[in-house]
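S.K.: Whole structure, please, built from the sequences with the hints as guidance.
So you can see what is in the structure, the chains are spelled out below.
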Amino acid sequence: MLEIKNLVLAYGVNRVVRDVSFSVAKGEVFALLGPNGAGKTSILRAISGLVPAVSGDIVFEGKTLLRRRPHSIVLDGIAHVPEGRQIFPEMSVSDNLMVGATVHINNRARVRELEARCLELFPIIRERARQAGGTLSGGEQQQLTIARGLMADPRLLIVDEPTLGLAPAIINTVADSFRKLRDLGLTIIVAEQNADFALKVADHGAVLASGELSFSGSVDTLRDRDVLRRAYLGA
Amino acid sequence: MTAFVQQLIYGTSYGMNLAVAAAGLALIFGVYRVINLAHGQLIMLGGFATYVVTTQIGTHFFVGFFAAMAVMGLLGIALESTIFRILQARPATDQLLASLGVYMILGTVALRIWGDFEARPVNMPGEAWALHLGEDIRIDGARIVTIAITLALFIGLYFVVYRTHLGRTMRATAQGGETAELMGIRKRRVAALVFFIGGALGGSAGAMLGGLFNVRPDMGFQPLLMALIIIIFGGMGSLGGAIIAGLILGILYNLTVYYVGSKLGDLVPFGVLLIVLMVRPQGLFGLPGRRA
Numbered sequence: 001m002l003e004i005k006n007l008v009l010a011y012g013v014n015r016v017v018r019d020v021s022f023s024v025a026k027g028e029v030f031a032l033l034g035p036n037g038a039g040k041t042s043i044l045r046a047i048s049g050l051v052p053a054v055s056g057d058i059v060f061e062g063k064t065l066l067r068r069r070p071h072s073i074v075l076d077g078i079a080h081v082p083e084g085r086q087i088f089p090e091m092s093v094s095d096n097l098m099v100g101a102t103v104h105i106n107n108r109a110r111v112r113e114l115e116a117r118c119l120e121l122f123p124i125i126r127e128r129a130r131q132a133g134g135t136l137s138g139g140e141q142q143q144l145t146i147a148r149g150l151m152a153d154p155r156l157l158i159v160d161e162p163t164l165g166l167a168p169a170i171i172n173t174v175a176d177s178f179r180k181l182r183d184l185g186l187t188i189i190v191a192e193q194n195a196d197f198a199l200k201v202a203d204h205g206a207v208l209a210s211g212e213l214s215f216s217g218s219v220d221t222l223r224d225r226d227v228l229r230r231a232y233l234g235a
Numbered sequence: 236m237t238a239f240v241q242q243l244i245y246g247t248s249y250g251m252n253l254a255v256a257a258a259g260l261a262l263i264f265g266v267y268r269v270i271n272l273a274h275g276q277l278i279m280l281g282g283f284a285t286y287v288v289t290t291q292i293g294t295h296f297f298v299g300f301f302a303a304m305a306v307m308g309l310l311g312i313a314l315e316s317t318i319f320r321i322l323q324a325r326p327a328t329d330q331l332l333a334s335l336g337v338y339m340i341l342g343t344v345a346l347r348i349w350g351d352f353e354a355r356p357v358n359m360p361g362e363a364w365a366l367h368l369g370e371d372i373r374i375d376g377a378r379i380v381t382i383a384i385t386l387a388l389f390i391g392l393y394f395v396v397y398r399t400h401l402g403r404t405m406r407a408t409a410q411g412g413e414t415a416e417l418m419g420i421r422k423r424r425v426a427a428l429v430f431f432i433g434g435a436l437g438g439s440a441g442a443m444l445g446g447l448f449n450v451r452p453d454m455g456f457q458p459l460l461m462a463l464i465i466i467i468f469g470g471m472g473s474l475g476g477a478i479i480a481g482l483i484l485g486i487l488y489n490l491t492v493y494y495v496g497s498k499l500g501d502l503v504p505f506g507v508l509l510i511v512l513m514v515r516p517q518g519l520f521g522l523p524g525r526r527a
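Taken in order, these protein sequences are the chains called W and R.
For the first sequence, our numbering begins at 1 and goes up steadily by one.
For the second sequence, our numbering begins at 236 and goes up steadily by one.
Please keep in mind that the hints were generated in silico from the structure rather than gathered at the bench.
There's no promise every hint is true.
What the hints assert, rightly or not - Using 20 Å as the maximum straight-line C-alpha spacing, the simulated SDA-like pairs for lysine to any residue come out as follows: (1) Lys422(R) to Asn106(W); (2) Lys180(W) to Leu119(W); (3) Lys422(R) to Asp95(W); (4) Lys422(R) to Leu50(W); (5) Lys498(R) to Asp453(R); (6) Lys422(R) to Arg18(W); (7) Lys422(R) to Arg69(W); (8) Lys422(R) to Leu66(W); (9) Lys5(W) to Val51(W); (10) Lys422(R) to Ile105(W); (11) Lys422(R) to Lys5(W); (12) Lys422(R) to His104(W); (13) Lys422(R) to Asp76(W); (14) Lys422(R) to Val51(W); (15) Lys422(R) to Arg68(W); (16) Lys63(W) to Leu50(W); (17) Lys422(R) to Ser72(W).
Stated by the list, open to error - Ranges of calculated distance between the beta carbons of each label pair, as one might list FRET restraints: (18) Leu331(R) to Arg126(W): 19 to 29 Å; (19) Ala305(R) to Glu61(W): 41 to 51 Å; (20) Asn107(W) to Ile390(R): 25 to 35 Å.
Claimed, not checked - The following residues of chain W were derived to be distant from chain R, with all beta-carbon distances above 10 Å: (21) Met1; (22) Val8; (23) Arg15; (24) Pro35; (25) Arg68; (26) Glu115; (27) Arg148; (28) Gly165; (29) Gln193; (30) Arg229.
Using N, Cα and C, we set each Cβ at its ideal position, and we do this for glycine too.
M.R.: In structure tokens form, the structure reads like this:
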């Protein structure tokens with residue numbers, strides 16, 4: 001469904017992602033693992049059109065995503081839940097949700113369906129609908145950002161560091177919502193530093209260490225091998 | 236007492252005028268993060284557009300008024316797409332200086348075309364009549380018309396910003412530009428929209444100021460200064476703050492001019508600015524520590 005081919009990304013002369021390739025199959029949860037600064041977020045930003053590629057290619061359902069504007073990538077069926085939650089703090093929860101539906105906003109029936117789906121998956125959003133987004137707890141905000149991403153009705157959902165700063169009990173609810181999303185038939189790419197979480201929810205994964213790919217394959221092999229330990233500890 | 240009521244109403248109409256001008260500036264700053272000093276000249280050119288269409292061509296005031304809004308809105312879009320967009324990646328001071336440059340160029344062009352010798356009136360509806368309240372309070376019809384127009388503009392602005400999806404995209408961009416893009420919001424379209432509305436508000440302020448006081452090439456300076464103080468007073472980027480701060484400033488200004496003297500009136504905005512910066516630097520509706 002999504003193929004990253006020999007991708008090179010740079011900020012100025014600093015190459016933060018070097019020659020990375022992996023592919024994500026339809027319907028799976030794919031984990032992008034690695035320590036802080038390994039280049040996970042940069043790859044996700046490149047998929048969404050926020051960072052230009054120096055070389056290589058990103059192909060989604062047979063079409064390249066390079067040199068495309070973010071909104072047209074959303075239109076193509078990719079939603080991106082950014083790092084650090086990034087809700088709109090002074091907008092109401094329901095307004096936050098509706099912003100996610102921007103590309104479908106003229107199709108009222110579809111927006112209503114999408115909203116109903118989100119409220120069913122994340123009932124807390126209905127309870128908090130009129131509150132300002134900034135007043136939600138961290139876990140609630142994370143649910144809101146995932147729901148907001150779903151409002152674009154994506155086929156591929158990108159989630160960057162969903163467990164960052166969340167308490168263990170809340171991380172479990174995030175894991176639950178990932179399972180529900182997979183049941184909807186969604187393909188998910190999740191970038192995580194939290195390997196436990198990633199290994200719990202993902203089918204396949206890739207491990208990045210300082211901008212280079214050190215492993216890619218099923219999470220079962222990942223559990224057994226010590227690539228993770230090496231990526232994180234440099235040992 | 237009667238004089239006080241009269242000055243209160245005149246101050247309200249002036250303050251609402253300033254608030255319209257300031258709302259345009261606040262909207263552009265809130266969403267686009269640029270302090271657009273050229274806004275003052277959009278106010279002035281809005282006045283001249285109204286003068287040309289209403290007085291010279293001889294149409295009804297509202298034809299000139301809407302023409303001024305449309306033309307200044309388009310000029311706003313033109314400024315964004317030619318100058319500010321290129322400078323967005325640069326430090327804020329570069330954009331500020333560029334907008335000052337635009338201010339000077341537009342001012343010089345207006346001076347060349349219209350000169351500053353002639354009194355150029357714009358006929359507003361309501362000039363022929365006045366409202367008499369009680370025995371000796373007399374309120375010019377034009378003032379009442381100004382208050383009615385500004386109220387309509389604020390209601391319209393509120394509706395667009397808080398009750399439509401376009402407004403949602405503007406608020407989302409203001410609160411997190413990159414995240415808004417990830418939600419499928421087109422950055423350039425929002426920028427064009429914001430500069431159009433901002434320019435149109437400036438143009439409408441110019442049309443009304445022209446109707447109340449005549450049109451001059453330097454008429455943009457005072458409202459620009461007042462609008463800058465208003466958006467600091469109201470809280471940078473806050474629309475409601477701009478409206479309330481505009482009203483307070485307009486009323487204070489009129490009362491001071493009437494009771495203390497016209498020379499001291501010009502000190503009012505700066506006195507208010509000084510007090511605001513000392514007591515509540517984030518302004519009326521600015522949140523402390525909010526990234527502005």
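S.K.: Does each hint fit the structure? Answer for all of them.
M.R.: Status of each hint after checking the structure:
The suggested pairing of Lys422(R) with Asn106(W) holds, with an alpha-carbon distance near 18 Å, which does not exceed 20 Å. Taking the CA atoms of Lys180(W) and Leu119(W), the gap is near 13 Å; set against the 20 Å cutoff, the hint holds. Straight-line distance between C-alpha atoms of Lys422(R) and Asp95(W) comes to about 18 Å, which keeps the hinted pair within the 20 Å bound. Between Lys422(R) and Leu50(W), the direct Cα distance comes to roughly 12 Å. Compliance with the 20 Å bound is thereby established for this hinted pair.
About 19 Å separates the Cα atoms of Lys498(R) and Asp453(R), which keeps this hinted pair within 20 Å; it holds. Among the hinted pairs, Lys422(R) with Arg18(W) is inconsistent with the structure: their alpha-carbon atoms are about 29 Å apart, more than 20 Å. For the given pair, Lys422(R) sits about 10 Å from Arg69(W) by alpha-carbon distance, which is consistent with the 20 Å threshold. Distance check on the hinted pair: Lys422(R) and Leu66(W) sit about 18 Å apart at the alpha-carbon level, within 20 Å; holds.
The hinted pair formed by Lys5(W) and Val51(W) meets the criterion: a straight-line CA distance of about 16 Å does not exceed 20 Å. Under the criterion of a C-alpha separation no larger than 20 Å, the hint pairing Lys422(R) with Ile105(W) is consistent with the structure, at around 16 Å. At most 20 Å may separate the alpha-carbon atoms for a hinted pair to count; Lys422(R) and Lys5(W) exceed this at roughly 28 Å. For the suggested pair Lys422(R) and His104(W), the alpha carbons sit about 17 Å apart, so the restraint of at most 20 Å is met.
Our distance criterion of 20 Å between C-alpha atoms is met by Lys422(R) and Asp76(W), whose separation comes to about 18 Å. The straight-line distance between the Cα atoms of Lys422(R) and Val51(W) is roughly 15 Å, inside the 20 Å bound, and the hint therefore holds. At roughly 13 Å between alpha-carbon atoms, Lys422(R) and Arg68(W) fall within 20 Å of each other, so this suggested pair holds. As the CA atoms of Lys63(W) and Leu50(W) are separated by approximately 17 Å, the hinted pair is consistent with the 20 Å bound.
Restraint check for Lys422(R) and Ser72(W): the C-alpha separation of about 12 Å stays at or below 20 Å, so the hint holds. With their beta carbons about 44 Å apart, Leu331(R) and Arg126(W) fall outside the hinted range of 19 to 29 Å. Between Ala305(R) and Glu61(W) the beta carbon distance is about 43 Å. The supplied range of 41 to 51 Å therefore holds. Hint check: Asn107(W) to Ile390(R), Cβ distance near 29 Å, so the stated range 25 to 35 Å holds.
Chain R leaves Met1(W) outside its interface by the beta-carbon criterion, the shortest separation being 19 Å against a cut-off of 10 Å. No beta-carbon of chain R is positioned within 10 Å of the beta-carbon of Val8(W); the least distance is around 22 Å. Residue placement check: Arg15(W) keeps its beta carbon more than 10 Å from all beta carbons of chain R (closest about 21 Å). With a closest Cβ-Cβ approach of about 23 Å to chain R, Pro35(W) is found to remain outside the 10 Å limit, as its non-interface label requires.
The beta carbon of Arg68(W) is kept farther than 10 Å from every beta carbon of chain R, the shortest such distance being approximately 12 Å. At roughly 13 Å, the least C-beta separation between Glu115(W) and chain R is larger than 10 Å, which holds for a residue marked as non-interface. With a least CB separation of 7 Å from chain R, Arg148(W) falls inside the 10 Å interface cut-off, contrary to its annotation. Distance to chain R confirms Gly165(W) as a non-interface residue, since its nearest Cβ pair spans about 17 Å, more than 10 Å.
The non-interface label for Gln193(W) is consistent with chain R: the shortest C-beta to C-beta separation is roughly 20 Å, beyond 10 Å. The claim that Arg229(W) lies off the interface holds: its Cβ sits roughly 33 Å from the closest Cβ of chain R, which is beyond the 10 Å cut-off.
Comparing the model with each numbered hint stated earlier shows that hints 6, 11, 18 and 27 do not hold.
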